[in-house]
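*Asks:* Sequence:
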Amino acid sequence: MEAFNSFIALFSDVWKQGIFGLNASEIIIGLLIFLFFYVLRRLFARILITRLNKLVLKTSTGLDDTVIDVIEGPLKFLPVVLGFFIASSYINFSSEIQDIIDLINRTLITIFIFWLLHQLVIPFSFIIRKFEEKISKPLVDWTLRGLKILIF
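Numbering-wise (our numbering), the sequence shown opens with residue 6 and increments by one.
Bear in mind the hints are in silico, worked out from the structure with no lab data behind them.
Some hints here could point you the wrong way.
Unchecked claim - With a Cα cut of at most 16 Å, we get these calculated EDC-like pairs of lysine to aspartate or glutamate:
| # | residue 1 | residue 2 |
| --- | --- | --- |
| 1 | K59 | E77 |
| 2 | K21 | E7 |
| 3 | K59 | D74 |
| 4 | K59 | D69 |
| 5 | K59 | D70 |
Kindly generate the complete structure, drawing on both the sequences and the hints.
*Replies:* See the structure below:
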């Protein structure tokens, strides 16, 4: 019976202290916040893309249609970034761990921004393609690939 009481005391201590000084309820709620945003990422992107497509239908150019098509991937990643940020803001980390979490948040935001820029190279490549008459086609293709690599 003493072993069982010891186990209950240890379980209670772990529930209150958790890992790295975080109690289990904070960790669980933080994970639920992140999972909520992760699950809603497709719905978020679909709603946003649908609304943007309705706006785009009113224009006569095809550029905006292409832009909407290529930004769908980064838009699906945005709720993941927001979910991690909100979940990590909810949890009270120690200062050392908070520094690491801040770096992860900055990294996720940077990935989102540069992924978006990388995807936007495709629709705006027509600007560089105008120089195809003055320089060779392979050089234009190389410039576009170089720009994608530079952004990525």
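*Asks:* Each hint: holds or not?
*Replies:* Outcome of the hint check:
no., hint, verdict
1, K59 to E77, "15 Å, holds"
2, K21 to E7, "21 Å, violated"
3, K59 to D74, "13 Å, holds"
4, K59 to D69, "11 Å, holds"
5, K59 to D70, "10 Å, holds"
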